[in-house]
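Just need the whole structure built from these sequences, with the hints factored in.
First residue of the sequence shown: 1, per the UniProt record's numbering; consecutive thereafter.
Keep in mind that the hints are not guaranteed to be accurate.
Using 16 Å as the maximum straight-line C-alpha spacing, the simulated EDC-like pairs for lysine to aspartate or glutamate come out as follows [as the list claims (entries may be wrong)]:
id: 1; residue 1: K192; residue 2: E139
id: 2; residue 1: K322; residue 2: D361
id: 3; residue 1: K157; residue 2: E139
id: 4; residue 1: K158; residue 2: E142
id: 5; residue 1: K149; residue 2: D26
Since the hints were derived computationally from the structure, they do not count as laboratory data.
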Amino acid sequence: MIAEETSLLAQTRAYAESVLGQISPDYTYHNLSHTQAVVEFADEIAVHEGLLDTDRETVLIAAWLHDVGYRMSCDNHEAIGVDMARPFLIEHGLPTDRIEQVVRCIEATRMPQNPRGNRLAEILCDADMGHLAASDFAERSEMLRQELKRTGVKIGKKKWLKKTAELIEHHQYFTAYARQAFEPRKAANLVKLQRQIAEQKDDEKDEISWPDERADKEPKPDKDKNRRPERGVETMFRLTSQNHFQLSAMADTKANIMISINTIVVSLVLSILLRKLEEWPMLTLPTAMLTITCVLATVLAVLATRPNVTTGRFSRADIENKTANLLFFGNFHRMELDDYEWGMRHMMNDADFLYSSMTRDIYYLGKVLGRKYKLLRWSYTVFMVGFVLSVLAFGGAAYLSR
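Below, the structure is given as structure tokens:
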């Protein structure tokens with residue numbers, strides 16, 4: 001729940017709570033508790049996405065109203081919810097353009113979700129699927145299964161778990177914040193789900209149905225499923241690589257700060273203070289200490305960001321022995337396009353080679369990061385200790401000259 005609730009938002013919440021409080025107890029998942037969770041997810045994403053107050057209010061209004069259609073029917077409940085939301089919002093004086101924004105957000109949550117590049121709709125869609133990354137995901141998933149059973153769909157536990165795992169594997173969040181914050185937790189839930197599937201006994205023969213599943217959406221063939229890495233593993237590699245690159249960018253920023261500060265200090269010392277040493281000879285030692293400190297700190301920071309030059313070539317034997325890493329430009333930047341395409345096709349057709357290449361890429365990124373941060377630590381330590389000693393030396397020289 002947001003800290004400061006506007007009058008319109010409070011009225012929308014009261015209306016939604018009133019409507020959702022009247023729905024059938026058969027809806028063990030799509031009820032007030034689910035809507036409250038979606039509102040919290042929407043507010044969290046909106047804050048981190050930096051929405052303006054008006055847009056944030058619009059998203060939260062849509063979040064409160066997106067499932068009110070369940071009061072009438074679970075079939076096509078988005079359209080029913082829109083028909084219920086319009087008169088309420090008109091009655092409470094919401095401008096037409098904002099009403100349409102709310103409507104587009106609600107309609108976008110229909111499975112399969114389709115926000116069509118609408119930022120507010122993307123936030124609501126991610127919030128509506130936020131339960132995939134929730135700590136109580138298993139409980140919420142079981143509530144949805146029980147809801148479908150109560151509304152006439154017979155679903156075995158193991159088949160339900162498999163279908164849910166498929167959903168998680170193929171689902172992707174739309175907003176940057178959800179991809180960063182929710183994807184790791186979703187991947188962890190997928191691992192737990194796969195463990196449950198392995199432990200679960202086979203169901204008796206039964207039917208399974210997924211809410212709002214399109215009839216024309218055929219399952220992918222088993223051959224394709226076997227060739228492609230599991231989505232949870234893909235997510236792990238993607239997030240790990242992103243984290244490494246972010247840490248590398250942070251290291252470069254820290255190094256640039258150190259280089260800029262120390263070069264400015266050295267420039268001031270050489271241009272101003274050095275000419276004054278004949279008049280104030282007692283400052284010679286402190287000046288030398290400060291200059292040496294800045295030079296050493298700068299050299300260490302430069303070493304931390306200095307790129308290594310690699311050969312940029314690989315041989316066909318490297319590919320056949322699975323020792324080349326084609327994901328790093330340093331291993332192919334001097335190769336011909338035909339040779340590189342051949343190597344990439346060979347790697348993509350071999351899952352073990354692909355996984356090992358991604359693993360090596362992450363490993364060597366980590367080695368580079370380790371070297372960068374080690375040199376940066378030395379640079380900052382030299383600067384901190386040398387700067388303090390230089391200031392003390394300047395203070396001592398000034399005291400002795402009195």
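These are the hints, each one checked on the structure:
Restraint check for K192 and E139: satisfied, since their Cα atoms lie roughly 13 Å apart, inside the 16 Å limit. Taking the CA atoms of K322 and D361, the gap is near 13 Å; set against the 16 Å cutoff, the hint holds. In summary, the hint linking K157 to E139 is supported, as the alpha carbons are separated by about 13 Å, within the 16 Å threshold. Restraint check for K158 and E142: satisfied, since their Cα atoms lie roughly 11 Å apart, inside the 16 Å limit.
Note on K149 and D26: the hinted pairing holds, with a Cα-Cα distance of about 9 Å set against a maximum of 16 Å.
Checked against the numbered hints given earlier, the structure satisfies every one of them.
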